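Given the sequences, and given the hints that come with them, work out the whole structure.
If you want the building blocks of each chain, they are given just below.
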Amino acid sequence: MDRVDRFEPVDVCLVLEGTYPYVAGGVSSWVHDLVRAQKDLTFHIVSLMPGTRPPERRYEMPQNVRGINHVFLQHLVPGARWMPRLDKRLAALEAPLRAMQSTGTLHDLRDVLDVLQKSGRRFGRHTLLNSEPAWRLLLRVYEADMSESSFLDYFWTWRSLIGGLFNVLLSPMPDAKVFHTISTGYAGLFAARAKLETGRPVLLTEHGIYTNERRIEIAMADWLYEGPGGSLGLSKPKRDLKDLWIDTFVAYSRSCYQACDRIITLYSGNQDLQRRDGADESKLRIVPNGVDYERFSQIERIPHDRPTVALVGRVVPIKDIKTFIRAVGILKREVPDVLAYLMGPTDEDEDYHRECLQMVEHLELQETLIFTGRVKLDEWLGKVDVMVLTSISEAQPLVILEGGAAGIPTVSTDVGACRDMLHGMPGEEPPLGAGGAITPLSNPAATARELAALLKDPQNLESARNAIRERVRLYYNKVEIDRIYHEIYIEEIAEPTLPPEQRVPPRAPAEAA
Amino acid sequence: MAGIGFALRRLAYRDDLMGIVQGYAHSAVVSSGPWLFTILAVGSINLFAIYLTSLAELTTFRIILIYNFAFSLAFSGPVLLVATRYLADMIFRKDVVEAPGMLLASMLLLLGSQAPVVVSFYIFAVDLAPVVVAAALMNYFLVTAIWLVNIFLTALKDYSSITLAFLVGMAAGGGAGIWLAGEFGAVGILMGFNLGLGLILFSLVARVFAEYPYRITRPFAFIGHFRRYWDLALAGLFYNLAIWVDKWVMWFAPEREQLPSGFISYPVYDGAMFLAYLSIVPAMAVFIVNIETRFFEHYQRFYRDIQHHANYARILENHSALIQALLAASRNVLVLQFCLCIAAILVAGELFAVVGIPALQLGIFRFGVLGALFHVLLMFVGIVIAYFDLRRVLMWIQVLYLVLNGAFTWVTLELGFPWYGYGYFMASLVTFLVAYAVCARNVARLPFLTFVRNNASVS
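Note that the protein sequences, when read in sequence, are chains S and W.
For reference, each letter of the first sequence is one residue, going 1 to 513 in my numbering.
For reference, each letter of the second sequence is one residue, going 1 to 459 in my numbering.
These are calculated hints, taken from the structure and not from any lab test.
Watch out, some of these pointers could steer you wrong.
[To be verified] With beta-carbon atoms standing in for the labels, derived distance ranges:
| id | chain 1 | residue 1 | chain 2 | residue 2 | range |
| --- | --- | --- | --- | --- | --- |
| 1 | S | 148 | W | 164 | 50 to 56 Å |
| 2 | S | 132 | W | 282 | 35 to 41 Å |
| 3 | W | 224 | S | 350 | 26 to 32 Å |
| 4 | W | 324 | S | 350 | 47 to 53 Å |
| 5 | W | 321 | S | 95 | 49 to 55 Å |
| 6 | S | 350 | W | 112 | 41 to 47 Å |
| 7 | S | 148 | W | 324 | 22 to 28 Å |
Here the structure is a predicted model, which means the values were calculated and not measured.
Where a beta carbon is used, it is the ideal one built from N, C-alpha and C, also for glycine.
In structure tokens form, the structure reads like this:
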């Protein structure tokens, strides 16, 4: 809509939710590398954030990023204080918004967008959230769908989910030839809106499956009231608010999948989940992440006295650092002089970090386990014999490949693409052998056992080193991956702009087929 | 998975939706306390003073008292309401260690800010013997200090302590005043009265310090509340100005009196009005009891059920029960006050003759009683509005009352003596009707106000 002219026209608009350049981590590094690799293309970044102000940047953005704008999801622009016939305008939102909280599709998103755009920038939080007509709209939807559930919780659910939706639909739209979102969710909604509004190609690269992550988060959420009886009842009588949250995120994902021209993910395990949420088979594609094989393969071994293991990752609960600490404790009995590093930022979850430190003290591992903080991997990998990953959830942790290129095997939990990377993708020809080991989740004994097996058997270690190095060179080389993305971008940039009637797929393709 | 998404918890609600529901209640009730006391004190003196008219000095005593009550209430209003709110916030947070410090600091602020005006008034504007000036100033500061201490006890709902202190204090003060009057004239009555006020003040202060046995910490922290609750502060100011403005306007009447000491007043009007105000005392008592019991129960349930995850049907049910309770309370008060009002108007003639009040005051008294009927109803509407924390609405209603009471009374001055008192009556009536309409509209949309308009967590 308006304000677009403030942004420089670019080749690719990246849509990022809560990541680059503000949060350090796998996806952020991936984005950073992607942008740096595509030197001849220009980028704009739309960053969707919680809060009201951008936090400190963790990455220096490359020259070809020509602009960045923020969408603060819970902070809708004020807009006009009053609009004529607001009740009637908002009534037109009722059906599509109800759909967005259950079985919504791109058609419903378009209907919402149409209503909002008819009034341009006059819509904002005064009219859409804080007015009496908006209150009546909320009440009608509540009465229609959720009249038995806690109204207080519904109220905040509405403001959070629908408020975020409005925000995404009212934020400025950059001028780009291709829109590339790195997740579904609100970022996916923005990309879907870009398709509806501009008719340009839309790409999705999904690392972790968004709806899955929300499912876990919502299932664990203690701030959402579950109603009397909670989960104790034999059969769950009604759809509750947690279902509504999940349904809404699935509807957001479904709309995004429908709008996307290509749906890329890192490994085949994710594709089942994408299909479940409505992704069209013909759009699906796997492009794994690559690493700089040249750079990491040149890391020289640094002679060291003690057998050394390392976990490279942020100190946060999802990495299950505590299992790692326990595993080191067990491993120490087998390999008494073992040295363990924890390489990664500790400031993201201070409480968890403190608990980890206490655990190290409690297990008397002060001499064995060292928190290095954030480090330059190139300088440290030479000292590491085996790497460890204890995460309870991952997509495709690059560190396995970076270490792998340097000839370091990994003992990892069975999450994301780890099995593919350590044992080879299905149908690997010729088979290269195990580049480490896979363990069950939250099982420190198994992690310790596999580590000991590698550390105590030089021959075993040597063959794992060779297997992983060779696999990275052949299948996970960043140069090759960068070329694939470049090709995709060039193809899509050349695509003609779709006329409005072709931007939405025909209704209910499943029924037609 | 790293990085994508953000903690949903941050999107979730904060728990201050209901804010400090209890707190609103205290600031609502507290505004009526000093007024009640003023009516009782000045009204009774007017009533019984006739038996002491032989004392020429009595006039001076009475005028000093009226000036002190009127101006101390008007000047103290903002500080009182903001301090009450701050105290209620502390009680709600269950962290009252700042209370004793705040008492001292707000006392300092109250007395310090008013002292320059009051001291120069008594020294330069009027011509009184130095000893009378000293007694008058002492009286002013005692009265002001009592208004303040009062809020600490109201917030505790410790009505029995207040009542007892006031009864004992007023009895002692009255006794001492009459006893000293014969010997020392105006100074004697004033000092006797001061003795009573001092008794009240210090027993209340003792009670407060017993309740909050903490060291003085962050005494001036409450000053910050003035920025947040400026509308409440202004409402306090305008309300107290509004209930005095008709008397001040009437001091410009051609029939006004100027004492040799320089005080201007119009005792015919003031006296009749204070007698009229006495008629609202029973209604106020009934209403406050009603509000504190039946209404408050429904009021709390409305908010508590929301907090306890009620569905909307339940919220609506509680909403209408709350409205029913309000209507029932208003009906009781209306019937009572209406009967009292009619009775007072009918028997006024006989009564005045019996107790020896000049018949000159009859007309003003009758308008006064009618005005007081709507004034007390207006007060109740104001209390209800304060309960729902509609501070801005409250402020504008007080502004309206101030303007109307001033303007209408001014018009009656032009119309002449038969109309005296009519301005107050009309101002009370019109403001009440407006306030009632505004209040009814807001109470009707209470769920919307609770969740959206008045919700501190909603931006």
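Consistency of the hints with the structure:
no., hint, verdict
1, S:148 - W:164: 50 to 56 Å, "holds (51 Å)"
2, S:132 - W:282: 35 to 41 Å, "holds (40 Å)"
3, W:224 - S:350: 26 to 32 Å, "holds (29 Å)"
4, W:324 - S:350: 47 to 53 Å, "holds (52 Å)"
5, W:321 - S:95: 49 to 55 Å, "violated (34 Å)"
6, S:350 - W:112: 41 to 47 Å, "holds (46 Å)"
7, S:148 - W:324: 22 to 28 Å, "holds (25 Å)"
The structure fails hint 5 only (numbered hints given earlier).
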